[in-house]
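S.K.: Go ahead and model the full structure; you've got the sequences and the hints to work with.
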Amino acid sequence: MERLKVISGHLLPRGPSEPLRVLRSCGSGSSVPGTGEEVVVVHGRRTAIGKAKRGSFKDTTPDELLSAVMSAVLADVGLPAARLGDVCVGNVLQPGAGALMARVAHFLSGFPETVPVYTVNRQCSSGLQALLNIAGAIRSGSIELGLACGVESMSLRSIGNPGDLSSRLVENDKARDCLVPMGITSENVAERFGVSREKQDAFALSSQLKAAQAQNSGRFDQEIVPVTVSVTDESGRESRLQVRKDEGIRTGTTLDGLSRLRPAFKPDGSTTAGNSSQVSDGAAAVLLGRRSAVEVLGLPVLAVLRGSAVVGVPPDLMGIGPAVAIPAALRQAGLSLDDIDVFEINEAFASQALYCVEKLGLPLEKVNPNGGAIALGHPLGCTGARQVVTLLNELRRRGRRAYGVVSMCIGTGMGAAAVFEFPGPQREEGGRVAGRT
Amino acid sequence: MMATKTFRCPARHGYAVEVSPFVPQRLACAASQYYGITGSGSLFVLDQTETGMVLVRSWEWGDGLFDVAWSEANEHVLVAGGGDGSLQLWDSANQHAPLRVAKEHRQEVYSVDWSQTRGENLIVSGSWDRSVKVWDQDLSRSLTTLQGHEGVVYSTVWSPHIPGCIASASGDGTLRVWDVKAAACRLAVPAHKAEILSCDWCKYDQNLVATGSVDCSVCVWDLRNVRQPVSQLLGHTYAIRRVKFSPFSQTVLASCSYDFTVRFWDFGGSRPLLDTVEHHSEFVCGLDFNLHIPHQVVDCSWDETVKIYSPACLTAAARSAAS
Numbered sequence: 001m002e003r004l005k006v007i008s009g010h011l012l013p014r015g016p017s018e019p020l021r022v023l024r025s026c027g028s029g030s031s032v033p034g035t036g037e038e039v040v041v042v043h044g045r046r047t048a049i050g051k052a053k054r055g056s057f058k059d060t061t062p063d064e065l066l067s068a069v070m071s072a073v074l075a076d077v078g079l080p081a082a083r084l085g086d087v088c089v090g091n092v093l094q095p096g097a098g099a100l101m102a103r104v105a106h107f108l109s110g111f112p113e114t115v116p117v118y119t120v121n122r123q124c125s126s127g128l129q130a131l132l133n134i135a136g137a138i139r140s141g142s143i144e145l146g147l148a149c150g151v152e153s154m155s156l157r158s159i160g161n162p163g164d165l166s167s168r169l170v171e172n173d174k175a176r177d178c179l180v181p182m183g184i185t186s187e188n189v190a191e192r193f194g195v196s197r198e199k200q201d202a203f204a205l206s207s208q209l210k211a212a213q214a215q216n217s218g219r220f221d222q223e224i225v226p227v228t229v230s231v232t233d234e235s236g237r238e239s240r241l242q243v244r245k246d247e248g249i250r251t252g253t254t255l256d257g258l259s260r261l262r263p264a265f266k267p268d269g270s271t272t273a274g275n276s277s278q279v280s281d282g283a284a285a286v287l288l289g290r291r292s293a294v295e296v297l298g299l300p301v302l303a304v305l306r307g308s309a310v311v312g313v314p315p316d317l318m319g320i321g322p323a324v325a326i327p328a329a330l331r332q333a334g335l336s337l338d339d340i341d342v343f344e345i346n347e348a349f350a351s352q353a354l355y356c357v358e359k360l361g362l363p364l365e366k367v368n369p370n371g372g373a374i375a376l377g378h379p380l381g382c383t384g385a386r387q388v389v390t391l392l393n394e395l396r397r398r399g400r401r402a403y404g405v406v407s408m409c410i411g412t413g414m415g416a417a418a419v420f421e422f423p424g425p426q427r428e429e430g431g432r433v434a435g436r437t
Numbered sequence: 001m002m003a004t005k006t007f008r009c010p011a012r013h014g015y016a017v018e019v020s021p022f023v024p025q026r027l028a029c030a031a032s033q034y035y036g037i038t039g040s041g042s043l044f045v046l047d048q049t050e051t052g053m054v055l056v057r058s059w060e061w062g063d064g065l066f067d068v069a070w071s072e073a074n075e076h077v078l079v080a081g082g083g084d085g086s087l088q089l090w091d092s093a094n095q096h097a098p099l100r101v102a103k104e105h106r107q108e109v110y111s112v113d114w115s116q117t118r119g120e121n122l123i124v125s126g127s128w129d130r131s132v133k134v135w136d137q138d139l140s141r142s143l144t145t146l147q148g149h150e151g152v153v154y155s156t157v158w159s160p161h162i163p164g165c166i167a168s169a170s171g172d173g174t175l176r177v178w179d180v181k182a183a184a185c186r187l188a189v190p191a192h193k194a195e196i197l198s199c200d201w202c203k204y205d206q207n208l209v210a211t212g213s214v215d216c217s218v219c220v221w222d223l224r225n226v227r228q229p230v231s232q233l234l235g236h237t238y239a240i241r242r243v244k245f246s247p248f249s250q251t252v253l254a255s256c257s258y259d260f261t262v263r264f265w266d267f268g269g270s271r272p273l274l275d276t277v278e279h280h281s282e283f284v285c286g287l288d289f290n291l292h293i294p295h296q297v298v299d300c301s302w303d304e305t306v307k308i309y310s311p312a313c314l315t316a317a318a319r320s321a322a323s
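Protein chains in written order, with the working numbering: chain R, 1 to 437; chain B, 1 to 323.
Possibly wrong hints are sitting among the right ones.
Straight-line Cα separation of at most 25 Å, DSS-like style, residue types lysine-lysine; simulated pairs [to be verified]: (1) K203(B) <-> K181(B); (2) K103(B) <-> K5(R); (3) K193(B) <-> K5(R); (4) K210(R) <-> K199(R); (5) K53(R) <-> K245(R); (6) K199(R) <-> K266(R).
Hints are computed from structural coordinates only; laboratory data are not their basis.
Predicted model only: the values in this text are computed from it and were never measured.
M.R.: What follows is the structure, given as C-alpha cells:
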C-alpha cells in the first residue's frame, strides 16, 4: 500500500499511536480494505480443557495435545505446513519450556523438518507471548506465516523446582517476592484493594454460569478439536476416549456452596478453590500471517492484531497486571476502553480479575462472556492462545465489526494484553474487497 | 463575518479546490474515495449560492484524483491529475467522458497547474515518479519533462510573473525553480529537512515563494538569497498540506494541514499568525483564495466537505495594511 505509506510518512511520530491514527481513520468504514502489512489472524483451534490429575488428559503427554491443534488448524484452512515460516509454542512446566517436546509434536503432526519451532515461557502469558513473537517476526519481515501455540500438562508436571537461584535472593525484597505463592498474591490483592470474599464468590459463580451456558448452547463446539486419548484408571485399566468438552465447568455451583469452601492459602483468607482458576491440561494454536501473504493464498482473515503491551508490576501483587497492561495496549492501538466490545481477562483468581475490572471501570457484561479460568481452567502455557481462540470465535459469533482484548496477569509480577479487531462478516472471506460501492 | 457554506460529498475525501478564474461563484474540487488510498475519484464543479453550494457537474474517474486546475483560456475547461498517473481535460459544459486523457507519468500525479501568463497556455504536472512535465493546453503530449528531484514531486506551480518559470516542491526536501525553455533547473533550495508538500508564489513580489512541509512549518523564501528563509511560520502541529498566497495582500498567506486546521499568516508583522480556523474533522488538503471576492476562502478536507468562508482576520489585515 504505497499511498498509505507515503501519507503515514507525513505524520511525524509524536507518540507510538500517531502513525496508527492514519490507519485508524482510514479504517473507520468497515468496507475499507486494510494495508497489506498488517498482521492478521487466519484461524485458531483449541483442545478441550481437562482437569489436571483427574481428568481425561491426565495421562496424555503435551506433544499429543499440541500436535492435535496444530494439525487441525492447518487442515481446516488447507494450508500445507511447509508454508509456515516459524512456530512458537508457549509452555511453562516442561523442562526447557518444552523445546524438545514441541519439535516432537511437529513431527507427530507430519510437519516437514524444514519448518522450525521454538518455545517461550513468560509464565501465564506464554500462549499470548507466542502470538506476539510470531507477529513480531511477521512485522520485521522474516516470515510471512506462522503458528502461535500454547500447551500445558499440569497432570504430568507441577509447579515445583524453582531452579538455581542466588542466595542473595533473600536480601532483595522484590526478588524474594517472586517466590510468593500465587495464592498469597491473590490474598495480597484482595486485602490491599478490598475485594471481599462475597464479591469473589459472586464473580466465580458468574464464571461458572457463563461457561455452562456457553458449553450447553454449543458455543465452544466449533473451536474445540476432539482428541482421542488413553486414560488409565486406579485399577490400571486403560481405555480410549474422545475428549471434546471442557471438564472444569461445575454446573450446580451455588453461591452458598462457594461460601462454604475453606480458604486455600491463608487461614483467614478469602481465596478458595472455588474462586481460583483450576489446574488443567490443554493446548491451542493460532495461525497468523501478513495480510498480503494471507490474501495471495486465498486464506480468510479472521481478525487483525491491532496492538499489544507487556508491563511489569510488583511481584507480590502480580494479579493487577491486566489493569496496567490493558491501557498500555490500547494506547499502542490508538483505541480507548469504550471501543472494546469483549475483554478476555484471565481469571487466575476472582480477587485479581475483579480488581482489574473495577479499576478499569469495565462493564461486567463485556468481560469473559463465555466464562473464564475459574470455570474452564488455566493450563498455564496454553491459556493465552486459548483466550484468543475463544475471543475471536465470540466476536465472529456476534457477527459485526468489533474489537476485543485478551489479557492476563503473570506470575513474578507482569501483565500482558493484546487488542484484536474482528473486521465484520463480509471481510472474512479471503481476498481483497475491491471496494467499489 | 458571513456564515460558512458547506458542501458535503459523501464517501469522497477532498484533495484540492480551485476557484474559477472566470466565474466568481464557481469552484472545482478533486476528491477521492477511501481517502485516496485506493478506489476511485470524483471531480466536482460547484457554484456557491447565498447559503451554500450547488453541484453543477461531476465526473467519476477510475482512480483517485489529487489536484485540479482551471483553464486560464476557456471558462469551461479544467485539468485534473490522477492516482493512475494520468492527466485528464474536462469540459464543464459537457457531461460525458473527458476531452482528453494523457498518460505519461508512471506514478501518481499529485499536482497540476495552468499557466497564468497570457499567451502561454501551458499545463504543468508533478508526479510521484519524480518528474515535472509541461504540456500544451490540449494535453496531446508533454512538451518537456524536467528531471532532477530525488524524491516524489508533490507540488508544481507556474510563476504568475515570469513566463516559463515553475516552482516545485518535493519529498527530497528541496524547492526547485525551473526554466521551461531551457528545460533546466535554475535553483534547488534545501528548504526543509523533511518532505515539502506544497509551494506557492507571492502574487506581488516575483522573488518570493512559500513552502509548506512535513516538519509543520511554512517558510517564505526570497529566491535571491536562499541561505535562510525570510520568515518561518510555526503553529501547525502536523504536516502542512497546502500553502496559498493571498491575491490581495503582499504579506498574507494561508496554510492547511493534517492537524485539521487552516491558518492565516501575515509575515510582514511581528506576530505572524492571524487566525486558526478549526472547522474540519479530518486532514485539510485543499485551499484557495477567491480572487473575485476579497477575503473569501475555499477549502476541502478528508471529512467529506468543501467549505467557503470569509475569515474576519483577512478583512482586518486588509484594513491595517491600508492604514
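S.K.: Measure nothing beyond the straight line between the CA atoms of K210(R) and K199(R); if it is 25 Å or shorter, mark the hint as holding.
M.R.: The given pair, whose Cα atoms are some 16 Å apart, holds under the 25 Å limit.
S.K.: Against the 25 Å threshold, does the CA-CA distance of K103(B) and K5(R) hold or violate the hint?
M.R.: Given pair K103(B), K5(R) holds - Cα atoms ~24 Å apart, limit 25 Å.
S.K.: Starting from K193(B), check that the Cα of K5(R) is at most 25 Å away, please.
M.R.: 19 Å, holds
S.K.: Below or equal to 25 Å on CA atoms is what counts here, so check K53(R) against K245(R).
M.R.: Roughly 17 Å separates the two Cα atoms, so the pair holds.
S.K.: Within 25 Å, alpha carbon to alpha carbon, are K199(R) and K266(R)?
M.R.: Answer holds: K199(R) to K266(R) is near 18 Å, not above 25 Å.
S.K.: Within a Cα-Cα threshold of 25 Å, do K203(B) and K181(B) meet the stated pairing?
M.R.: 22 Å, holds
The earlier numbered hints are all upheld by this structure, with none contradicted.
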